[in-house]
Structures are given as C-alpha cells and as structure tokens.
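These protein sequences, in sequence, are chains C and Y. Under our numbering, the first residue of the first sequence is numbered 1, with each subsequent residue one higher. Under our numbering, the first residue of the second sequence is numbered 1001, with each subsequent residue one higher.
Think of the hints as simulated: they come from the structure by calculation, not from any bench. If you're wondering where the values come from, they're calculated on a predicted model, not measured in any experiment. Just so it is clear, CB atoms sit at the ideal spot from N, CA and C, and this is done for glycine as well. Some hints could be false.
Said to hold, decoys possible - Heads up, simulated BS3-like pairs for lysine-lysine below, C-alpha to C-alpha not over 27 Å straight-line:
no.: 1; chain 1: C; residue 1: 134; chain 2: Y; residue 2: 1305
no.: 2; chain 1: Y; residue 1: 1494; chain 2: C; residue 2: 47
no.: 3; chain 1: C; residue 1: 88; chain 2: C; residue 2: 151
no.: 4; chain 1: C; residue 1: 134; chain 2: C; residue 2: 388
no.: 5; chain 1: Y; residue 1: 1121; chain 2: Y; residue 2: 1141
no.: 6; chain 1: C; residue 1: 125; chain 2: C; residue 2: 37
no.: 7; chain 1: Y; residue 1: 1103; chain 2: Y; residue 2: 1018
no.: 8; chain 1: Y; residue 1: 1271; chain 2: C; residue 2: 134
no.: 9; chain 1: C; residue 1: 100; chain 2: C; residue 2: 125
no.: 10; chain 1: Y; residue 1: 1522; chain 2: C; residue 2: 47
no.: 11; chain 1: C; residue 1: 220; chain 2: C; residue 2: 151
no.: 12; chain 1: Y; residue 1: 1494; chain 2: C; residue 2: 14
no.: 13; chain 1: C; residue 1: 37; chain 2: Y; residue 2: 1147
no.: 14; chain 1: Y; residue 1: 1368; chain 2: Y; residue 2: 1242
no.: 15; chain 1: C; residue 1: 151; chain 2: C; residue 2: 14
no.: 16; chain 1: C; residue 1: 14; chain 2: Y; residue 2: 1248
no.: 17; chain 1: Y; residue 1: 1258; chain 2: Y; residue 2: 1242
no.: 18; chain 1: C; residue 1: 134; chain 2: Y; residue 2: 1301
no.: 19; chain 1: C; residue 1: 47; chain 2: Y; residue 2: 1520
no.: 20; chain 1: C; residue 1: 134; chain 2: Y; residue 2: 1468
no.: 21; chain 1: Y; residue 1: 1141; chain 2: C; residue 2: 14
no.: 22; chain 1: Y; residue 1: 1368; chain 2: Y; residue 2: 1033
no.: 23; chain 1: C; residue 1: 14; chain 2: Y; residue 2: 1522
Unchecked claim - Partial chain Y-side listing against chain C, Cβ under 7 Å, derived:
no.: 24; residue: 1022
no.: 25; residue: 1260
no.: 26; residue: 1261
no.: 27; residue: 1397
no.: 28; residue: 1398
no.: 29; residue: 1426
no.: 30; residue: 1485
no.: 31; residue: 1492
no.: 32; residue: 1493
no.: 33; residue: 1495
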Amino acid sequence: MSKSIFTAGPTGEKIRSDCRVSYQSGSKPLNIQVNSKVDVLFGNSLKILVTDCLNQLGITSGDFVLDDFGALPWVIQARIETVIKRAKPDVATEILPEMKKHCLYGTTREHFRRSRLYLPGNQPKLMLNAGIHKPDGVILDLEDAVPPGEKDAARYLVRNALRTLDFFGAERMVRINQGQRGLDDLAFLVPHNVHLILIPKVESAAQVKAVDEQVAAIMKATDRTEPVYFMPILESGRGILKALEVAEASPHNVALAIGLEDYTADIGTQRTVEGRESFFARSMLVNAARAAGIQAIDTVFSDVNDDTGLRQSVQEAKAMGFDGKGCIHPRQIQPIHEAFAPTTEEIEKAKKIVVAADEAEQQGLGVVALGSKMIDPPVVKRAMRTIKLAIDTGIIPANWRQEGNH
Amino acid sequence: MSDKYEFVENAVGRRVPKIVNGKAQTPFQGVAKYKPTGNRVAPPIRSCNDYPLDGNKIVPSIKDALVKAGIRDGMVISSHHHFRNGDLIMNQVFDAAAELGVKELMWFPSAAFPCHAPIIKHLDNGVIHHIEGSLNGPLGKYTSEGKMRGLAVLRSHGGRWQAVQDGEVHIDIAIIAAPTADSFGNATGDRGPSACGLLGFGLVDSLYADNVIVVTDNLVPFPCIPWQIQGQNVDSVVVLDKVGEPEKIVSGTTAITKSPDRLYIAELTAKFVRAAGIMQDGFSFQGGAGGTSLAFAIYLKEMMKAAGVKARFVRGGSTKYLVEMLEEGLTDYILDGQTFDLDGVRSMRENPGHVNTSPFTSYNWHGKGNFASMVDVVVLGATEVDVNFNANVVTHSDGQMLHGIGGWQNCLFSKCTILPIPAFRDRIPVIVDEVTTLVGPGELIDVIVTERGIAINPLRQDLLGATKGSGLPIRPIEEIKAEIDDLVGGAPEKPEFTDEPIGIVKWVDGTVIDTIFKVKPKVS
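Chain C with its partners taken away, still in its complex shape:
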C-alpha cells in the first residue's frame, strides 16, 4: 500500500482566489483539515463543501487538508476531484457544480470572432471576470497554457467554469490538446455547453473528422442537440498546404485560425514585425477559409504593452481578409474591436445597400438595385454584417434608420 501524499492546486506564495489540497490514504477514519484565509466569512460553508465532495467521491479514510486562499466553490470542488483522482485513479464519480442559467446561452455560425481571449485552463482566477471585458469569445485553454502535469486539473476546472461562470455572451470556446488526449478532453466539454472547439496543430482532414465523430458520439450519449462548432488551427507548413482540405473537413467548421509561433518554427524561421515569413501562410489560410465559406482568424499579438503595434497588426490582418485576432490580455480586446470596425465609407455604402434591400423587399422585388446597378445577394449580406459590426462597436446607433441619416 502506497502512503504517498497527493496534492493539487498552485504552490508558492501569493496565491489568490485559489486553493491547495492534499490527500494521503490510510486506514484510519477520514480526517479533514480546513485552513482558510476567509475562515471568518466562509468557514462553515467550506467545511460542508469539503465533506460533501469527499462523500460523493466515496472517501471514508485518510488525511485530507485544504489550504484556501479565497477560492470560489467550483474551484475547490475541481481541486478536490483532482487530488482524489490522482490518489485513486479508479474513482469515476464527477463532482459537478450546478449548471447555472447564465451558462445556457447559445451561439451561431456567424457569431463575430474578432477577439478571442485565451485563458489558461488551470488558472481560475483569470477566468472569473473574463466576460466583463466583452471579448467575442473566451478560450479556456487545455493545451499549451497548461503544463503536462496539470492537464487533469485543467479538465475539471474548465468543465466547472463552463457550468458556473457567466461569460456575458462571449462564445464559450475551449482549445483541446493534440491527438488522443484532445479527443479525451471532449467528454469534459461537450455535455457542458461548450460552443466551439479549437483543434490545435491540424494537418489533415482526418484530425477534424476524428473530433467530429467523438463529439457526435458524446452528443448522442448526453442528448445534446445544439451543434458544437470547430476552429481548426494551422500551425505548420503541412497544415498550411492542406488548408482547404482542413477547412472543408467538417460541416461544423466555422473558422480557420493560424498559429504563427509554431508555424515559423516549423518552417525554420522566426517571427518578425513585418511578417514577410508568414505572408504566404496567412494569405493561403484566408483563401482556403473563404473558399470553404468560413471565417479566417489571425494569430495572437503577444506584446500586451504595445497598443500601437497591436492596432497596426489588426489593421494589417483586416486588410489581408482576416475576421479576427487572438488576445492574451483583456486590454487588447477594445483596440481589436476598434481596429476591425468598419470605416465611415464602408458604413455609408453598407447603409445605402441595406436601405435599398429593405425597399426592394417592401415592394416585393426579387432584385436589389442601387441606382442603375444590380446588387448581388452576397453583397447585401456583407453590407448587413458591416452595419451589425458598426452598431456593435458603437459607431452608429441600433436605430440608425430612424435618424434619417442614411
């Protein structure tokens, strides 16, 4: 019988909004110790929570210690589940926090994906207020942001975050791991209203199809009916060359993203500010995405202190045809939205087209005309999107039609 002590949770000083747990199995009746920075305010409810979790997991003996630094209940639950499953890998029970109503909203294929905020899957503190910054999407990351030894912990935390946290309308995205581990991640996501899966390092249609099949199986088993969308990430020379194949690999693909750190390493170079080394890849990706009728999403801008650089980078991405950009800090969201906002000329043109389309519809005409020019349906659709974007960015009011300013 091994008597080693298992632990979960962050180590070191200055832990906030998180907790550390340890468990050592043994034959004596279960001994629970709870130390908390917020003991005066939450001591009683903490004890109930811990006892309840350990009960559900069938723990009746051994020594359990919680060192709490103001963690929210769903975080404590995830940490407990992690440590017990590390100690007893055959325990199958999941500790599921109540699915909150504010976690049940849906998404659409056309959802704006200008900004998507990466949140490390094992750092709950960063998730709590992520939604208030109004990114188009939040990405709970199980892949690169999580060290290999914390992959299990991140799954429980991300699952619980999906069931608990209000992301205020942001699309609920998760980046899964590569390969089999990524397929295994899906069971922790699909039943919990994940909207979109980012699939890393994609180099073939088969990889997307494997995810598609696994998702379909879980949906069937859990009676989920709302689709789960995919955003494959191309991060290698091979991936880029297979861009169209990947883009068309699943009807659930809604966007194609590029990851330039790995891509530039793969082709044997480094990222530069001008980005000449990645021009081909980015252009290839935009073309493949357009050919497949899905969105093209640019890489992250990694210098959080360089606001000017970020804005330039977004302008350039927009000019190349991209629909969105990754963010690693909430302060990047607003500049990205502003840079992706349509220009005054774009808005004015779009207004004319939308008004013409409205009039055509009212008159029962099948064809939209602006002056003597016929307007194709895709152009009308694009104009409507421009208007939506302008309203969303606060450039024009939602009731712009009534103000007589078209």
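Following the hints, complete the assembly by docking chain Y onto the known chain C.
Coordinates of chain Y only, in the frame set by chain C:
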C-alpha cells in the same frame, strides 16, 4: 471588560460609547445636525523675549528638545504623516521619551504606518498609553487584537483639525518633520533630500500645540522660503542626519493598476462622469493615489482632451498624472492636500498653479466653509458598501481594523461622490447587507462603479436621469449584490463580535458615528 463602557444608540442605529479615553462623547446626530457652540481653543501667550534674539532655536537632539518642552507623564505628542512609510523620526521620539522615563503618553499622529511597528514596544511598556489617529499595518493589527489600553479614535483629516481647534484634543508637544527648515523654525516640505511636497497635516499642530519642535535634515540659512510652517509658532529646531527615507516618502501608491478589471472600472467611472454631464468646462474633480483613482484620472484626461474641456481646479493627492494635466493646460490649478510623487513635489516648487492646501482650507467642518463641497466629482475607495450605500473604509468584512479614514469622510460632501470598487475581492463580496463599520452615511454616497455594473443611489434621481440611455451598465445595487453572492457561493457568514470596543469612528463634526468591536475568536 465591557462594563468599562456605557453605550448609547446614535442617529444611524449604531451603539457608541458615552466616554472614550476619559472624554465625554457626543453620539452622531445626522449628517449636518450637530451645531457646535463656544470658541476655538488657543495656545498659550508667549513672549519673544524668551526666545533667542538671533532667531537660532537649534537644540542638539530630540531628547533635549523634549526636555526643553517639559515632557512629562500623560502628555499628548502629535506628528504628521507626510513622510508616510518613510518616517524615521517618531520611533526616535518615543525611544527618547522612554529613556527619559516618561509614561502614559498619547500619540496623536495624522496617520501611523508599518514603519512605526517598533512603537508597539512602547505601548507594551507603558511609555504610550494609546494612539488616536489612522492606524495602518501592524499598529492596526495590534489594536484589532484588543492589546491597546485606550481606544483608537479614528478621525478624518478634517476631523483631526476640528478636534484640535475645538479643544477635543490638546496637543502638548508637536513634532513637525520638515524636509527643509531654518534655525528659526520656518519650514517647508517642497525641497531637500526628504522632500514630501507640503506639510499641511502638521499645520494645525504648529498653530495650536503648547510646544512645537521642528526636526529637519536640511538646514538652510534664514529665511527658509517658502515657509509652509512659520517659525513664529516654533519652540525649537533639531537637526538630524536623516529624517526620512525618500523612496518610501513618495511611495509605490502612485503606480497605476495593471489589473484589467481595475482598469475597466476606472474607465467606466470616467465614462460615467462624462455621460452625467459633469465633465464640462470649468469643472473640478478630486482623484486619490490608489491605482484605480490614478487610472480614472488618465481616462478622464483623454476624454477631456477629446471633448476640448478644461478643469478649473483639481484636488490632489498630486501625482505625475495631475501634474501633466496642469502642465498641458487641462486644469488651471492643482489644490494639493498631499504630494504623492517626485513630479508632484517638483511641480509644487515650480508651478504657481500648484497650490498647497491644508485640512483647514479643504476639509474642516467647523469653519466658514471648506473646499470639499465645492468639488464637482470625487472618486474614493471603500472596503465595503451596503445596499443603502453606506460605506466602510476602516475595517474589513472579517472585522479587522486595517485602515485609516484619511480625507475620505470629508470628500463625501462633493457634488458627486463615486466609489469605484471591485464587486468582490477573492471570495469576499464588497456589496453587503449592512457595513461592518459605518464610516460614511449612504445619503452622501452617490454612485458605486464595479466591474459588474454601476449602481446609482436612488436619492440621486438627477444622475439616474442624466445617464439614462447612455449605454452604461446602470443596475440596481441589489441586483449586483445578488449576482456576486451567487458567484461566491452565497453571502458570507458574519464575524462574531465581543462587547469590547477597540476603537471609535468620528464623524467630521466630532460626533461618534460608529464603534469598532473586537472580533470573537472563532471556535472550530
């Protein structure tokens, strides 16, 4: 121990002691209800004949100055906190008092800081009986644990002036730390190796104390210009090698927050000020030194520039950011109450529009007016706010007394008082049913800005009207509270208090608004 105290209920339903540290107290009667009578106190008449005709009042050491001042048991020794956590003087003062065998002193600082932790030994050994002043850090903890013999009396900056001029506190010996002084006792804070800007918190001490000692490490030939403290009020001057640690005098409080949530709150606050129509040509605002307040000033500045709006004056806490506004012509004046960084100190020396003020001009309730109520908008912090907009700045939700009041209570009289605060800290909600300690009555607090929305006090229908349709996330305070309570897993339990008071909170008029009780140790 509680039978030592007899309590009455004040106008806001709080139990307050009738007698504190041997002095009869008036319970809080309502925001502007208490009417003072009688005259201000005055220091004893002196003759210049008793002072050196050549003006040289230098004595060799702090100890000599204390002896010359006639220090004896039970006296009140005061000090100002412009050196903040870099003060090197007060520990020496009480060490000297201990060497002289003096007991039962009362220390009356405008605030104490972590650097004053060594003073705990003088509370333990009886040199100091108790402290009346803002207690930050270890002294706050010591007092929270009920170890101090007397009660902590927490006053606002304006309340401290009021207490002295009204004779509630008689200062026997005032210690005025001065970055620059002459041998006559004229002193200034705006220059010298320990420059701290101004000396306004020590001004009342210099005017009303029986005996005034100026301590400096930068002696200049008479006259010391400007003379923020006038030598005519000073008894003796002590010259030391070093009076303060400059890097802690102008301390890290002036770093802008990096927290995205706090920045968001600051930006939302600035947007509110703009949307409410407050940000107009000739307006005024007050910003503090906290990270969120600083960020607020920066966002507001950008909005002012974009709208072509100029302020008439800005109340500081001056910092680099306010100085930039002054130097870029975005405000005509900075009316400075304390200087937080070296740019502020420099600007005070160089810019005629950077004016030094005192708690008398800015905050004193018992005067013929003050600046506080003339400011259009002020942003302040808080540890807790309740659903009736009452706020707390001195204790935490777990009952620990950890902060002073500063100018906070005085600032509440601004035309629009905004508290930009996070909706929760770790797991602890900031909006509660009832504040642990009532420091500011809700009727004076107009707006709470959190990352989860803006709550406007229903008493301010004008602000509700002005910001309607602004697109800002304005919500009832109860709704934000419910959201956070749900997030943290239910409203927290309350600490259990003993019946033993450890301190009282004075209102700006000297009445007692609340009592801080010792927390019962939790039995697990």
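Exercise for the section: Tell me, in ascending order, the numbers of any earlier hints that this structure violates. Expected result: Hint check: 14, 17, 24 and 30 fail, others pass.
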